[in-house]
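> First to last, the protein sequences are chains C and E.
The numbers in the UniProt record's numbering rise by one with no breaks, and the one at position 177 of the first sequence is 177.
The numbers in the UniProt record's numbering rise by one with no breaks, and the one at position 71 of the second sequence is 71.
To be clear, the hints were calculated from the coordinates, so they are not data collected in a lab.
All copies of an identical chain are treated as equivalent in the list; a pair is satisfied when it fits inside any one copy or across any two copies.
SDA-like, lysine to any residue: derived pairs with alpha carbons at most 20 Å apart:
1) Lys329 / Ala368
2) Lys130 / Pro262
3) Lys187 / Ala515
4) Lys329 / Ala515
5) Lys130 / Glu56
As a plain string of letters, each chain reads:
Number of protein chains: 2
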Amino acid sequence: MKPLAYATAVELFEHHRSTLDQALQAIQRREYWSPYPENPRRYPDESANGAQAAFEALLNRHFPLAGPEPVGRAGAERSPYGFDLGISYDQYDAGQLLSRMQRALPSWRDAGPQARGGVCLEILQRLNRKSFELAHAVMHTTGQAYAMAFQAGGPHSQDRGLEAVAYAWRAMQEVPGAALWSKPQGKQAPLALCKQWHLVPRGLSLVIACATFPTWNTYPALFASLATGNPVLVKAHPGAILPVAMSVGVAQEVLGELGFDPALVSLVVDTPEAPVARRLALDPRVRLVDFTGSSAFGDWLEDNARQAQVFTEKSGVNCVVIDSVGSLKSVAGNLAFTLSLYSGQMCTTTQTIFVPRDGIRTADGVIAFDEVAQVLAGAVRGFLADNERACGVLGAIQSEATLARIDECRRLGEVLLDSEAREHPQFPGARIRTPLLLRVDAADRAVYAEERFGPIAFVVATDGTEHSLALAGEVIAEKGALTLGVYSTDEAVLARAEALSLDVAVALSINFEGAAFINQSAAFSDFHGSGANPAANASLTDTAFVARRFVAVQSRRPAATAGGN
Amino acid sequence: MKPLAYATAVELFEHHRSTLDQALQAIQRREYWSPYPENPRRYPDESANGAQAAFEALLNRHFPLAGPEPVGRAGAERSPYGFDLGISYDQYDAGQLLSRMQRALPSWRDAGPQARGGVCLEILQRLNRKSFELAHAVMHTTGQAYAMAFQAGGPHSQDRGLEAVAYAWRAMQEVPGAALWSKPQGKQAPLALCKQWHLVPRGLSLVIACATFPTWNTYPALFASLATGNPVLVKAHPGAILPVAMSVGVAQEVLGELGFDPALVSLVVDTPEAPVARRLALDPRVRLVDFTGSSAFGDWLEDNARQAQVFTEKSGVNCVVIDSVGSLKSVAGNLAFTLSLYSGQMCTTTQTIFVPRDGIRTADGVIAFDEVAQVLAGAVRGFLADNERACGVLGAIQSEATLARIDECRRLGEVLLDSEAREHPQFPGARIRTPLLLRVDAADRAVYAEERFGPIAFVVATDGTEHSLALAGEVIAEKGALTLGVYSTDEAVLARAEALSLDVAVALSINFEGAAFINQSAAFSDFHGSGANPAANASLTDTAFVARRFVAVQSRRPAATAGGN
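Just chain C, with the same shape it has in the complex (with noise of 0.2 Å):
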């Protein structure tokens, strides 16, 4: 039973084929490739000029979305930059929108993966071209600077959203929707059987959004769940709701126009007072979870949402080894930006900095430890100076409590460079912070092996390269990390932290200077967690993260009986 706007859904499939052809090829090359600009500059004019506007009259009002009968509205956002969004959301009766999602799921199922494909991948471009007015939400609810929030929270996301499409629709193929099963008998007749798979999906998904990277961190789950036939709950972070409820806008208009139920993809919100996410993880008919946040909550996902498979991106502590370097001006300038970009408040944001304290060989000489961890800060110290371009780098501090856990952790350390408040040009009230660096010793293991998330980052001293390297394989080990940094001019040394990066399964970023940045992942190319660290159990996007949204349900018959035959 296809419903009746099947036909229409394919006729967008087809329309769209190039972008999933050339996804395709990306996802089996990773070599660089985005369909969705990052450059401002390659958009219409119109679509960054009204961008303003259209944010602006979003505020101070409702955002009416589709879904059952509500009962009661929800919505306190504020600006990191210190106003009020002023927004509210309708709140549904949790057992009625799971019963209307649960009802909508045959036809969504039976539509198949070209129907899906074609209304994921309109999504997507529909998106696109809201890419300016998202980067406003975005940058007022995650805290962002506006150049990152178009980026990041726009063409990024976007491409992570089509990548998961890849993804899911590369492992559907996989499965033939039919055989002749034809087994040879000896002498007699062949036994002959018509076989049928159907692609089934899980259930209900429930996306938990973050409130740092609402979009970015959501559309793989979203987007793998919608295109394997699963509907979507997507559970807003109280604090960034607006981006996650622009894009449920978006699924639920194409979805609309196609004659499917809007509410395939609905908006959850919820109050720090009154959570929902751990009633509604439980649900015996949600059958997916993804969650981005704390290890706290994603460890308590994973043990207790057992009717689902669980994806979490939790907690880590990110690492970086300094063995040795050319030029210590460019790797500190490198991690300069990584540790003020977004104020720190990436889950790839580089924390704990491991140098021997006898110091680093470099094309200038051995340089001691003390120097170098002045050089370090000098460089952030230095590339902040300019305010205007400093605000533009760091955003705004999402949460009060990343702003307390600044002031709490300068006693954990001798502070190199402290964090100062800055006013931004534009909007007086923003919360922004330069990074806080504290020089630590490898003994004090409790302070730097611990996610202290927002902009603070350690130098800690060891007793060399070699133990450098062992603390950052325990600390991954047992607190998981996204990321790991190594500078060295000794290939033995960069064998060694490859055979470590294995170990402990975290990406590697080798002697990274210039533009290229460890905190940065590419849609297409690079994997976002290993999915076997403590950070992570899944990964952004492998085949793990889809083939396990659907099975494949087989019907057989004798071929001679066979319907119509």
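Could you slot chain E onto chain C? The hints should help.
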């Protein structure tokens, strides 16, 4: 660091490459294919002739395998055909065994997919050559009749092993080894990174074998884990160690010849009094657990082995719905074989047959419920009338528990056909029982909706086919099933059955008569278990079964400074 014999293993891979290529094509098409002949006459005479003696030479001895220093011996297998095997096997200190396997992991990981593939393919070929010897071992542990023990325990198991290797290979090939990522930077030179992806196994893989299909249900996990780089511990069922030990022996022989640690595949034996599976499954080094057996233990593993990916095949209630048929005799004859084969000790055997109490339509008019039940009972009786043929189909009852269950179940309904003991022409002590067929009412849900493992089946009187389908759906949703059969001459009923099969994710067989049997599952074509109802959380073999056994770990460095460039 490649082990010395890396080149040899890769040569082996090239040697077996065409087999793998055909297997890859087979899993994409899922038409009929098998590289390992199921017809014993396709093998050289001497391999069949020498097998009996080779098997007997193993009896009443110690079975040596590679491993750490043994700390004891175990083994008390008794053939269901009535004699003790008298074989002992080494037991190891778990800590020592796991440490040794952990130490062997990096060289196996770093050997790469080709070398590992070469080893796996060579193991499978040598297992194939040993099929007759394995047949004796399978027969005298599981109780399967010789012909079935040969086919199911030999070539069909090898097919399933190769299928897993093919899935693993395809999944690994989907991750490129390296790429040059070159991102345009407007007027500046592109940002170029050399990226490499390493395939990293999850860790140690624990495969917990069952007593009825010690090779068929073990090889998929064993080969999927091994091919993806995970050392494998196979924990044999105390009642069926020998086929597992022989398989481990072949794997160790190949590994050893190629310079790998033979303990990369290790046997673990225990006793019913001192079981070790729970402790091993919770060891932090064990990252993969595969299990075939009871729901009680399977559910326990899923709930408790939280550090591991857990793949289970558990209990279920396989159903048949009879709506209408052409020839009842033909249908009854088909079901008689399914109910009789290996005395119903297959996880795919039909247990619960729903028939409308008002009877069914046939080409010969409506046949009343009681007559349908009698025709079914009569078909089984007739099929097993010849004792020699009966023994060749029934095989023997594997466990005392199953034997006792037959007696316990007699009182659960009206006996349509009583289970009777038979005497085996060669083995007078064999535990041979014909099927017990009971008539019950739809209301007796506690009776027929519970797995009654063994030669025990129910004919259930329902209010009609709608009721039958509804009951089958409810039972399967609650208890799980690997198979659902439906018989109808009405395409509308078949369509409803197919829709139901999607809702409860169960493999459907439609109007099976003649030589097509509901309980048979062919590698390279039939998925065994959907992984989405309570009978199994995994499928043999789909992409999800292999993709979760390894991760991709990347390293990246600026292109200009890449080593050797």
